[in-house]
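Participant: As given, the protein sequences belong to chains A and B, one line each in that order.
FYI, the numbering for the first sequence is 1 to 306, going by UniProt numbering.
FYI, the numbering for the second sequence is 1 to 447, going by UniProt numbering.
What the hints contain is simulated information worked out from the structure, not anything from laboratory work.
Be a bit skeptical, because a hint or two may be false.
Said to hold, decoys possible - Using 27 Å as the maximum straight-line C-alpha spacing, the simulated DSSO-like pairs for lysine-lysine come out as follows:
1) B:K432 x A:K70
2) B:K421 x A:K70
3) A:K155 x B:K261
4) A:K70 x B:K436
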Amino acid sequence: MRARPKRREGLRALLWLSPWIAGFSIFFAYPLASTVYFSFTNYNMFTLEFVGLDNWRYLLQDDRVWVSAKNTLWLVVFMVPAQVVFSIGVAQLLTKLKTGVGFFRTLFYLPTLVPMVAGTVAFVFLLNPVGPVNQILSWVGIAGPDWFGDPSWSKPSLTALAVWGCGNTMVIFLAALLDVPKHMYEAAAIDGAGAWRQFRSITLPTIAPVLMFSLVTAVIYALQYFTQAMIASRVASGATDSAGSSFTPGYPEGSLLTLPQWFFHAAFRDSNMGYGSVLALLLFATSMIFTLILLRQFRKAEEVHS
Amino acid sequence: MRFVPLAVAGLTVLALTACTAGKEAPPSLGAQPKPSGSASQALPAATIELWHGFQTDAEVKAFEEAIAGFNKKFPQITVKTTKAVQDDQITQAIRSGKAPDVAASFTTDNVALWCKTGAFQDLTAVVKQDGIDLSVLPAASRSYTEFEGKRCMMPLLADAYGMFYNKALMKGNEPPKTLSELTRLTKELTVRDPDGTIKVAGFISSFQYYENSPSHLAPMVGAKWYNDDGTSAIGSDPAWKQLLTWQKELVDWYGYANLEKFRRSLGDEWGSAHPFFKGKVAMIVDGEWRNAMIANDSKAKSLDYGTAPLPVADDKPDLYGSGFTAGTVIGVPKGAKNPQHAWELIKHLTTDTDSLVTLSNALRNVPTTKAAMESPRLAADANFKTFLDIFAHPKTSTLPASVNSVFNQDSLSTFLVTWEKGAVKDLDAGLKGVDKRINDKLKLSGG
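Just chain A, with the same shape it has in the complex:
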């Protein structure tokens, strides 16, 4: 007779959990399972045929997977830190301002409101080889590079775009910085700690959880980086799809081809859903690994903090 209430409790728990279970299975488990299934098929949206490991074998032959994976990794390694450092820097400056805080806060946040596509097109225009930015540079005797047309400059140019639009992260950091208890700085100052020492020993440990959160989201975002790279390639190359000509993704020279873009082209341009699924799973696995590593660090940071 004892088992019954327990069982009822289990059922009740299940009932309360059911919305989540339903959401999880419909929007996550089921799509994931079908992606795994499709990765073993040749599926062109009309006909489906089981082909075993063919798609997975092709992954090893497809050199552009590695080109695009390298580009995406570059973004994770360089763009993410640039964004985070810049956001902290601006937020820190804003806390030090005596007047005009509201004005500058709005000014730095404003780019976030610009639609992604419009912002990218504007950047490509401003940074075109004979554009306004290079014009200004030439006045001070600097020959500006071809920002979006030179493969060695294209990713740094996109990083500039990302840094310009990181108002969201900045606002989060600003809130975190204002949360650091003032008296700790005062105590440190009395002990003779300089600005850098204060930042390292007080600010950083206090905002560590926020920092970790920003890093995790920025890394996930970088792994999914698609729109800006695609638009920049399109606009900078000037290519259109008229009869008998086609756009080669990743212009210039494949330097802006990110993994999500290659996935998109394989699946939707080449109508190869099976191979697209392989790439999607690859992307999923990479995001998962990065997220797990960062979350572990996150937990560690929280433990230290508490």
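Once you have looked at the hints, place chain B on chain A.
Facilitator: Then chain B, alone, in the frame of chain A:
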């Protein structure tokens, strides 16, 4: 609750029978055995849906006019058009069973997939049944509308590619007929600063320049894309090597860095800052539609220019006069509700001389049939006539239908960039690499 599935099943059956019992199904494709003339009155009244890619008001109006001509023949058929439709929308609609009766596409890239998978219905039987003589179409047009023996599309209007030249910049020279003449003229007409900075280019030999795609330039040497079995012929056809060697020599004469700097400083291809409009380049490869763009541009319309076929390899003079062609295609998707009505409309739009001439005059594209090209109503000045002749030339070629058409072009273009910048040591090995890429992908797609 065990009766629920049963009840659902019962209701479904009921609903299905209720739907079909009321009216007769529209005639299936090919259901009219009589020739089209007498069949017109026999078709029951219906409203059919047509999706097309035209966008601007002028284009849409021209297309509506062509349909008005059809309505004179078939007053009982109402045609409802949807403009600015792209290929992925068509594919999506077919997959979800909501396909229109007729769909037109601007590109020929998806023809192979659509034919192969039956996404568009095979028209072979009705073409034969209605006694349509396809030999009035050039071989190239026939080839980009069918795949593996399935004719699932008809060509609506075509684009043909040739050469435009700026008469003032040509300094009295005739347009080149051979590649060596093109090289000589380019060197003669190019204006450069002592440091190599290009002011005016004779001919921009980079494959990355607007319309200089490999498919547009291939007719200059008669290069072949595919073998009969659909595998890549790029590595084995020596014509590609001939084209690339000639092209690279001219790029090197400019200096790759100089040419790139010049190319990237050029204005937008579709705006009034086009380098040809601005007198920055003497000779370009372009489609017949450039004529209309020049005529419609307030400044460029006074430009004194001429058109000519592409120059060809010195050892292949018989290619002169040919060029690249592709065009708008139109067909009956799977799941069309009124396939026979749809076919009558397609037949009218693609084979009726009046309709084709009306469209061509309004859109300034090449009409596809012989009769339309020879029609006295067709507005064709000398510059436009060049493209009619290119289109009709027996050696004119197209990009044959392939399930991976865009991927294959992309594979070659990617290689060409590394080639023209000088990063390829062994051209033969490089082209074999392109072959492998294309063939591997073909295998993956089950071809």
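Participant: Failing hints, ascending?
Facilitator: Of the numbered hints, all hold.
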